[in-house]
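Student: Knowing the structure of chain A, use the given hints to seat chain B on it.
In case you want the letters, here they are:
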Amino acid sequence: MTTTRVAIGGPIAARNFVATMLAAARVQQLSWASNVILLLRRPLTPALGFLSVLLAYRISGQTAVPADNVAGFLIVGTLAIQAWNATVWSCGFALQSDAYNGTLPSILASPGNRMAVVLGYGLGDFVLSAPAILVTLLIGFGFGATFDIGHPLLALIALVLVYVSALSIGVACSGLFILSRNANPLANFLQTPVYILAGFYFPRSVLPDWLEPVGGVLPITHALEALRASMLDGAGWTDLYDELIVTVLTSTLFALLGIWSLRRVDHELRRTGSLNLF
Amino acid sequence: MSSAAPARSTSSELRHLTWRRYLAVIRETAIMVARTRIQGMGVLGYALTWLTLPLMQMLLLAFIYKDNRDLLEYTVVASAGMAILFALIFNGGEILDSERRRGTLGNLFLAPLPRYVWLGGFQCFALIEAVVNASIAVAAGAWFFDIDLSINVLTLAVTVMLLTAALWGLSLILGAFGIVVRNANFLSNMIFPFVTLFAGTMYPVSLMPDWIRIPARALPFSYGMDALVAALTRNAPVTELAGTLLPLAGFAIALPLLGILMFRYMEHAVRQLGSLEIA
Numbered sequence: 001m002t003t004t005r006v007a008i009g010g011p012i013a014a015r016n017f018v019a020t021m022l023a024a025a026r027v028q029q030l031s032w033a034s035n036v037i038l039l040l041r042r043p044l045t046p047a048l049g050f051l052s053v054l055l056a057y058r059i060s061g062q063t064a065v066p067a068d069n070v071a072g073f074l075i076v077g078t079l080a081i082q083a084w085n086a087t088v089w090s091c092g093f094a095l096q097s098d099a100y101n102g103t104l105p106s107i108l109a110s111p112g113n114r115m116a117v118v119l120g121y122g123l124g125d126f127v128l129s130a131p132a133i134l135v136t137l138l139i140g141f142g143f144g145a146t147f148d149i150g151h152p153l154l155a156l157i158a159l160v161l162v163y164v165s166a167l168s169i170g171v172a173c174s175g176l177f178i179l180s181r182n183a184n185p186l187a188n189f190l191q192t193p194v195y196i197l198a199g200f201y202f203p204r205s206v207l208p209d210w211l212e213p214v215g216g217v218l219p220i221t222h223a224l225e226a227l228r229a230s231m232l233d234g235a236g237w238t239d240l241y242d243e244l245i246v247t248v249l250t251s252t253l254f255a256l257l258g259i260w261s262l263r264r265v266d267h268e269l270r271r272t273g274s275l276n277l278f
Numbered sequence: 279m280s281s282a283a284p285a286r287s288t289s290s291e292l293r294h295l296t297w298r299r300y301l302a303v304i305r306e307t308a309i310m311v312a313r314t315r316i317q318g319m320g321v322l323g324y325a326l327t328w329l330t331l332p333l334m335q336m337l338l339l340a341f342i343y344k345d346n347r348d349l350l351e352y353t354v355v356a357s358a359g360m361a362i363l364f365a366l367i368f369n370g371g372e373i374l375d376s377e378r379r380r381g382t383l384g385n386l387f388l389a390p391l392p393r394y395v396w397l398g399g400f401q402c403f404a405l406i407e408a409v410v411n412a413s414i415a416v417a418a419g420a421w422f423f424d425i426d427l428s429i430n431v432l433t434l435a436v437t438v439m440l441l442t443a444a445l446w447g448l449s450l451i452l453g454a455f456g457i458v459v460r461n462a463n464f465l466s467n468m469i470f471p472f473v474t475l476f477a478g479t480m481y482p483v484s485l486m487p488d489w490i491r492i493p494a495r496a497l498p499f500s501y502g503m504d505a506l507v508a509a510l511t512r513n514a515p516v517t518e519l520a521g522t523l524l525p526l527a528g529f530a531i532a533l534p535l536l537g538i539l540m541f542r543y544m545e546h547a548v549r550q551l552g553s554l555e556i557a
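Protein chains in written order, with this note's numbering: chain A, 1 to 278; chain B, 279 to 557.
Accuracy of the hints is not assured; some may be wrong.
[Said to hold, decoys possible] Calculated from the model, a selection of chain A residues having no Cβ within reach of chain B, i.e. all distances over 10 Å:
no., residue
1, Val27
2, Asp209
3, Leu257
[Claimed, not checked] No farther apart than 20 Å at their CA atoms in a straight line, the calculated lysine to any residue pairs in the SDA-like style are these:
no., chain 1, residue 1, chain 2, residue 2
4, B, Lys344, A, Asp209
5, B, Lys344, A, Phe143
6, B, Lys344, A, Trp210
7, B, Lys344, A, Pro66
8, B, Lys344, A, Ser205
9, B, Lys344, B, Leu427
10, B, Lys344, B, Ala417
11, B, Lys344, B, Pro482
12, B, Lys344, B, Val473
13, B, Lys344, A, Ser60
14, B, Lys344, A, Leu197
15, B, Lys344, A, Arg58
16, B, Lys344, A, Arg204
17, B, Lys344, B, Phe423
18, B, Lys344, B, Trp421
19, B, Lys344, A, Ala67
20, B, Lys344, A, Ala64
21, B, Lys344, A, Asn69
22, B, Lys344, B, Phe422
23, B, Lys344, A, Gln62
24, B, Lys344, B, Ala435
25, B, Lys344, A, Val206
26, B, Lys344, B, Ile425
27, B, Lys344, A, Ile59
28, B, Lys344, B, Ala443
29, B, Lys344, A, Thr45
30, B, Lys344, A, Leu153
31, B, Lys344, A, Leu40
32, B, Lys344, A, Leu211
33, B, Lys344, A, Glu212
34, B, Lys344, B, Trp489
35, B, Lys344, B, Thr327
36, B, Lys344, A, Pro203
37, B, Lys344, B, Val436
38, B, Lys344, A, Leu55
39, B, Lys344, A, Ala19
40, B, Lys344, B, Ala420
Source of the hints: derived by calculation from the structure; they are not laboratory data. Only a predicted model underlies this, so the values are computations on that prediction, with no experimental measurement involved. Quick reminder that beta carbons are idealized off the backbone N, C-alpha and C, glycines included.
Here chain A stands alone, though its shape is the one from the complex (with noise of 0.2 Å):
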């Protein structure tokens, strides 16, 4: 009887994960294509912010980043910032701002499953942020960045990496968010200290012997350093073997923290009937 209800009941379930987690991503989707401003801003943003920092770095004479061509390192950093922003802005943020629009109590006692919400809300995000990728590289080549990217498929593993890292510190985050009530200045708050330690506009080399370490904690700094050596100085496959796999299992690590705090965060709101934790 147990066995015939885990071999019904296991490809069930995983098509029942699947479904929400598109019917998720479509939400988000139409969410952002409802609004004009929000889709103008996804490729804006980072191309901005990519400005700002290129020019920083061209009045204080910096040509190069160690000894990598400014414009390029910085795109590279740029890409990670758009993994960044369509993760954990929307993983963490995601069921916050269910709790904004009224649908959370609805989402808590449905049946589905909040991980594949949450996982949903980051995967219509990173379709959505597809375009913002290629406007963020056509502008990196418009001001002279250059790319020496030995293994292709490498580099492309490696950005996806980017992204899966990113997600799990989103997915790690969302618990924390829906506890803290204010996911908004929250994220706002994480953001430049992880473009600090993880050295998106900056490599690590440049802080202080405490706080590198500090950085390699997160997974997205291994993605990106494995990203930008792929990307930038040709490096192969054995290069970045260790790099790799540091972010594969640092991203297990922060998912399966995500995956506890919701499930404890689910089983309070349970057992409390109500959404003010503390």
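Tutor: Frame of chain A, contents of chain B only:
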């Protein structure tokens, strides 16, 4: 004649009473916003999320400018400008959005008060937060990076006053647009990167290429940043900065007027339609 005097007196007393009532509403609105924000996150959460933003921005730039003392000094002072810009541009929209989410925005429009009274309360809180943020950012930056400040208090006060007035006007314009597009925060988020590019919060506008410098001079921020830097690091008197403060004063008059007109137009549309969904 004898009956006119008491009437004038009563009218003057009523006006006086009304102003006192307005000031009380501004004060209470500001306190309400502060309480909502601080109680919602706790003091530590509030301090971490709202008071560290300009500090973080400053740190980010400090690592880029680590070998350039002049630019590092500029960044520390410009972080105060960033704090003021951020607080005034985001707060108005953020608070209007929260009222909309809570369903109380419509009630605010129906309240028997000029809109600028409760909006003034929102902005009063934003201004206090901006000044606190800016002071923390400059003090911390000067301490971290051992930067000598040479402050001209009068110039600083005039600059902050003019910059605040100009940004208050801008936040009214954004607030009016934000109600039309139903999310002022999205709008603030969209224009903020443009503001950062042209405001001189990351670098002196005078060192920028023409395609940044020329449009930047058509906006109030770069004048405000130049004046802030001069007031905080060079002890520059007001007279020396006339060329910077006069255009800023122009913006401090024009933008609030434009903002009031736009908000009034938007409010008229809301009342005519009987709905906040005017677009």
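Student: Straight-line Cα separation of B/Lys344 and A/Gln62 no greater than 20 Å?
Tutor: Distance of about 11 Å is within 20 Å: holds.
Student: Does the structure keep B/Lys344 and A/Thr45 at a Cα separation of 20 Å or less?
Tutor: Given pair B/Lys344, A/Thr45 is violated - Cα atoms ~25 Å apart, limit 20 Å.
Student: Can we trust that A/Asp209 is non-interface, i.e. its beta-carbon lies farther than 10 Å from all of chain B?
Tutor: Given a closest Cβ separation of 14 Å, the condition holds.
Student: Between B/Lys344 and B/Phe422, is the straight-line Cα distance small enough, at 20 Å or below?
Tutor: holds, 12 Å
Student: Regarding the pair B/Lys344 and A/Asp209, is the alpha-carbon distance no greater than 20 Å?
Tutor: holds, 15 Å
Student: Starting from B/Lys344, check that the Cα of B/Ala420 is at most 20 Å away, please.
Tutor: holds, 14 Å
Student: Does the alpha-carbon distance linking B/Lys344 and A/Asn69 stay inside the 20 Å limit?
Tutor: holds, 18 Å
Student: If you draw a straight line from the CA of B/Lys344 to the CA of B/Trp421, is it 20 Å or shorter?
Tutor: holds, 15 Å
Student: Next pair to validate is B/Lys344 with B/Val436; report whether the Cα-Cα distance is within 20 Å.
Tutor: With Cα atoms ~31 Å apart, B/Lys344 and B/Val436 exceed 20 Å; violated.
Student: Has the given pair, B/Lys344 with A/Leu40, been kept, meaning a C-alpha gap of at most 20 Å?
Tutor: violated, 34 Å
Student: Are all C-beta atoms of chain B more than 10 Å from that of A/Leu257?
Tutor: Non-interface label stands for A/Leu257: nearest chain B Cβ at 20 Å, farther than 10 Å.
Student: Next pair to validate is B/Lys344 with B/Thr327; report whether the Cα-Cα distance is within 20 Å.
Tutor: Cα-Cα ~25 Å, so violated.
Comparing the model with each earlier hint shows violations of hints 5, 12, 24, 28, 29, 30, 31, 34, 35, 37 and 39; every other hint is respected.
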